[in-house]
Amino acid sequence: MIQFNLLPDVKQEFMRAQRTKHLMLTVSFFASAIALGVLVLGLSTVYVVQKKVTSDLRNDIATNSATLKNTPHISDILTVQSQLNSLSSLNNLKPVDSRLFGYLAQLTPVKATISDLRVDHTLNSMTISGNAPSLDVVNTFVDGLKFTNYTTIDSVVPTPAFSNVVLASFSRSSKTATYSITLTFDPTIFNTTKTVALTVGSANTTTDPSVIFKKGS
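Residue numbers (our numbering): 1 to 217.
Relax, there's no trap hidden among the hints.
Below 27 Å or equal to it, Euclidean Cα-Cα: the simulated BS3-like pairs (lysine-lysine) are:
{"hint": "1", "residue 1": "111", "residue 2": "175"}
{"hint": "2", "residue 1": "94", "residue 2": "146"}
{"hint": "3", "residue 1": "194", "residue 2": "94"}
{"hint": "4", "residue 1": "146", "residue 2": "194"}
{"hint": "5", "residue 1": "111", "residue 2": "146"}
Rather than coming from a laboratory, the hints here were simulated on the basis of the structure.
I would like the entire structure built from these sequences, with the hints used as guidance.
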């Protein structure tokens, strides 16, 4: 069977153009529909879902706030919690008074005794009172305190542990001498965060510490 194409070439080109136009319109329509759907979904999320979430959060905050306000003694509870949280830092600031006994055992001459000891961590001051067989022993004690240095793990440079060491009062009888020594101490020697070692004597002093303690023995 023989077929003849009776449509001229111009007519065929026009029909192809029409088909292409319809195809493009169809694709554009679906693309616009998809874009419109995405836009509607985004708007609904912003103006509906987010508003609902925000509203729920506000209601939860209001409910929880009301519950806290109605909790008996809530201010006391919060104060206690705050104090508990600060205990660790406060503990680091607390002076280690137990070190004092070791220091005095190291620094006090053998024949001297201590009958009264007063420590003021606010003024970093100390008063030591007691008895000794003679004033030489008392002077040994005073000089030893003056020559005492300390070092720490962080700093091996000797630093004076005490300053303003003064024999504030003394008296002497036929058998004993009484004394009262006042001094200012470096608070580092009682710092709980520092490991402290005391030494008696300094390379810059002219008095041999061993002689000083020998006098008080």
